[in-house]
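A.B. asks: Given next are the chains, with one letter for each unit.
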Amino acid sequence: MRERSDSIFANIDWFTVVLYLVLVCIGWSNIYAAVYDEEKSSLFNFNSQPGRQMIFIGVALFLSLVILIVDASFYTATAYFIFGGIILLNIAVIFLGDDVKGSHSWFKFGSFSFQPAEFAKFATGLMLAKLLTEFEGQAKWVERLVFGILVVLLPVALCLLQSETGVSLVFFALILVFYREGLIPGWLLLLGMIVTLMALLAIKFNIEGPRLAFFICVGGGAAVAFLLTWRARLSWVFGVIFTVCMLALGLAGWKISGEILLYSVLVLAAGVSCFLAIRMRMFIFNSLVIACFVAGSVYLAPYGFLKLKPHQQDRLRVFLRLDASAEAKKKELYNLNQSMIAIGSGGLTGKGYLQGTQTKYDFVPEQETDFIFCTVGEEWGFVGTSVVLILFAILIIRIVFMSERQRSPFSRIYGYAVASIFFFHLIINVGMTMGMVPVIGIPLPFFSYGGSSLIAFTILLFIFIRLDSERLYILR
Amino acid sequence: MNNEGLRKYIVAGFVLLLVFTYIGRLFYIQVVDDSYKLSSRNQAFYFKTDYPPRGFIYDRKGKLLVYNQIAYDLLVTPKMVKSLDTNDMCKQLGMDRDVFVKRLKKLREEAFMKRDPRPLIFEKQLLPEVYARLQEHMYKYRGFEVQTRTVRKYPTNIAAHLLGYVGEVDKKVTEKNPYYRDGDYIGISGVEKGYEEVLRGRKGVSILMRDVHGNIKGKFKDGIYDTAAIPGKYLTSSLDADLQLYGEQLMQNKIGGIVAIEPGTGEILALITSPTYDPNLLVGRERTKNYVVLLQDTIGRPLFNRALMAYYPPGSTFKLLNALIGQQEGVLTPSTLYPCARGYPPMGGKPKCHPHASPTNLEGSIATSCNSYYSYVFRSIVENRRKYKRSVDGYTAWRKYVQSFGVGVKLDSDLPYVLKGNVPSVEYYDKLHGKGAWMASNIISLGIGQAELGITPLQMANITSTIANKGWYYTPHIIKSIGDEKEIDAKWKVKHYTMVTDTQYFNNVIEGMYKVVEAGTARIAQIPGIEVCGKTGTAQNPHGDDHSVFVCFAPKDNPKIAIAILVENSGYGSRWAAPIASLMVEKYLTGKITRPELEKRMLEGNLISKSTDPKAKKEEPEQGE
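Line order of the protein sequences matches chains A and B. Taking my numbering, I'd label the letters of the first sequence as residues 22 to 497. Taking my numbering, I'd label the letters of the second sequence as residues 9 to 633.
What the hints contain is simulated information worked out from the structure, not anything from laboratory work. Treat the hints with care, as some may be off.
Partner residues aside, some chain B positions facing chain A, computed with beta carbon under 7 Å [what the hints assert, rightly or not]:
hint, residue
1, Y17
2, L26
3, I31
4, G32
5, L34
6, V39
7, S48
8, K113
9, M217
Beta carbons are placed, not taken as given, at the ideal position from N, Cα and C, and that holds for glycine.
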């Protein structure tokens, strides 16, 4: 044991630590820029957001040191307790938390507030790692899958109860962990993406009646054909052909070509599907079950859409470039436009540090939190945005490859959880500032202003770095 | 587990795929697509215009004619108006609440439509007392601000037509000239218009940055891209404010125009149009209202600049020109005698003349203003068979002489609205009488300054000035110098010589003009101690009584002032025109008046009620009898 603790700092992956520090520094300087005001530019005013963020960074660095000093087996041993405790906090906040714009997810202590949902991320990661390790072995995959899904759905449910829809979506990123652990096959992920796309198209074109039936059949047919040929030599070709076919139909052909053409394509798709099914001698029953699932999802999508909250509907409408309500036009569309103007006006090299006009002068909504990427885009230009994206990509891929070098499955599973959470945050946060995904209010790790998220992301990352430093040992 | 080993690559590949898709998208919106940069520029930058003060205008003695007074425009940024105490603000503004609310609503909509957070004008040119009252309360009215602008002020109240006025630029100008924007001021008439570019200076631009609420956050890059406003230059006019004022007083209740020129320089000393108006009426908030009132006066037509724009037949004053042309053409000498039988004998006594000794020589013909004499002279010029085979050629030659005196051609002056005047063309008479089928007798009235001749008072004054100079003139102009420049514009130093080349010819005419005042038709114009040379005219016009015309210059040797005056429908030149001109000359040369009774009579004379149709006709034949 003694030998192990001596080598803690020697075995630490310093590359990741440095990458973390670089991102935190860039992040802080952008918060400073986002709220920069020439008239009140005192650097270390602890009432200003940059000043407070400085305190948070200090706390985060202190915590990271603590995390590195604590024995790695502490995390494996106490995973249940950590998860349980955090879950309790998340339940408590529903009843005790302050009402912030209708959501109950914040505890307030004087001038500081604290969001337990942020901490549920690393706790869920630990819990998932612990559970999947407990039920290790090929034979127990059903238990692993069921318990794993339950562990993920618990915080999702709590976040929904806190009215934090955005945060709840983050946990779905953990599906990558299930994929890595072989609990969910790759084709299912792909199918999930196809279903999502089709659901969005269904909402976009607000399809009803015969048109909906058509959509279901084309979508279902494409999915069936794709799945039936799965693992056959030509599977990819058919998959791609049908996916492209379906997308093209959904996007362009629908309105222009008229229904006759579309129905004929539908018949063609169904025919090809049947032909392939017989030819490949696959399990027609299984395929039909999946096709029904796909069709059902797409069928329900427009109805589900109407069940969303008005502002969520508006965000989705703006994202899908649909005619939004007047209110949404004013707010959501305005926000997206301002965000894109800020980024777009940065040009190749940006307007220079502290020279941004769009972000500094409050044109961009929530410029220091969820839309902090606009400041990067405006002041540092394309060079800045691509550097930040590439730094994140390096961090995420680094974590993936570090996970793969673990001896203990616990560390590997947790590593994948860390990577997928960072990845989800990055794609959603950056994507929404460019209008590539709907606006979902989640922070950009290390960049967005806020103590809870910064400290939670730091804990998330440094537990993994600590676990990684013990990669030569099997932790239980 | 081959598949398991592949998964990390699939995951990593997926991460890279999405990240590079994003980078591609960013490249498009940040580098390729320019529309976002434009939007940003329009939103966050506020190009604030700095208005330079407009140049002042002084008279020839340094007396201030035009200066600027500060006016206050009330601006509003509708977006910023919050928790406004409407009642309180209406009270301070002295504005009706309904009007206030309606206007604010309109501006709010306008601002929203334009998507422009710049402040809009809520109320133009607040009255000083309103501003004083409002100023103390401004802090309460979030979103409102006061912008200072300048309005023109005319301390002497004179020369309204000449100085012109300034007003808001109209759409036609803003579309053509990118310098002007809606709401800018521009010189609309007079010197204000003619010297617009000098007077206005150059607007400056400060590039300011503003936040989403329209609040100004400071200068962009500390103002390195700003351009400073360049103030307008002041102008020194050649006008003599005292003379101008005196002339305007003398012309009270009379209709007509006076132009006085310094012959040695071509500088205009006075340019009077009557009726006139107070230039301060066409300033500020009341401008439109007052303008309409002035426009509606169709009898006096106070907005019509008679001195520059009205075409009058010059009447007998034109005989001076014919006397000069005749001598130059060799058909007239000082000793040439022509008879007069109360009219022109060859045409049965038409044109008519008044009783006087007959025959007369050249000098006497000027002194007595004999119509018959100048009918003979005109005919001898036009039908000079030794020189011209056809009357048309004679007439063409005569017309060229006339044009060399600046009549029938546009004087290249700095005055706005300089008109050509009308000396009928050959084509005109060909059309009227048939091609080549006319001769001197058809157009004999030209000899006595009647018929189709149309001459502006400015041109009459210029002819007089040319005679005083004995053969040349400088283009009459109103501005002596611009700003601190001491040099006069080279344009004003070009001597324009007439086609009458011998100064002796001028001497002969001048002697006649001297006789006019000493012993002829204009004895009333005599000034003790000053030798005045003049010529009366009585311009017939079909719309009413004759116009009273008089031209003169003084002193006879080394003339200092040449003046032309026309008083509409007031009869003989000697009745009104000559005395007024004489008083002005005396005032200008000596600074005092030795004939108070005459002055009193002129000042009190009211001819407006008398005139029936005072309209001066443009290019309308006014046949002499």
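A.B. asks: Give a verdict on every hint.
C.D. replies: We went through each hint and held it up to the structure:
1. Annotation: Y17 of chain B was flagged as interfacial toward chain A, and the flag is violated, the nearest CB pair being 9 Å apart, outside 7 Å.
2. A least Cβ separation of about 6 Å between L26 of chain B and chain A falls short of the 7 Å threshold, and the interface hint therefore holds.
3. For I31 of chain B, the interface hint holds, the least distance from its beta-carbon to any beta-carbon of chain A being 5 Å, beneath 7 Å.
4. At its closest, the beta carbon of G32 of chain B sits 10 Å from a beta carbon of chain A; the interface hint therefore is violated under the 7 Å criterion.
5. Checking L34 of chain B against chain A by beta carbon gives a least distance of about 5 Å; that is within 7 Å, so the hint holds.
6. Residue-level restraint check for V39 of chain B holds (minimum Cβ-Cβ distance to chain A is 5 Å; threshold 7 Å).
7. With a cut of 7 Å, the hint placing S48 of chain B at the interface with chain A holds, because the nearest CB-to-CB distance is about 3 Å.
8. Look at K113 of chain B: its Cβ only gets to about 18 Å from chain A, farther than 7 Å, so that hint breaks.
9. This hint holds: M217 of chain B has a C-beta 5 Å from the nearest C-beta of chain A, less than the 7 Å allowed.
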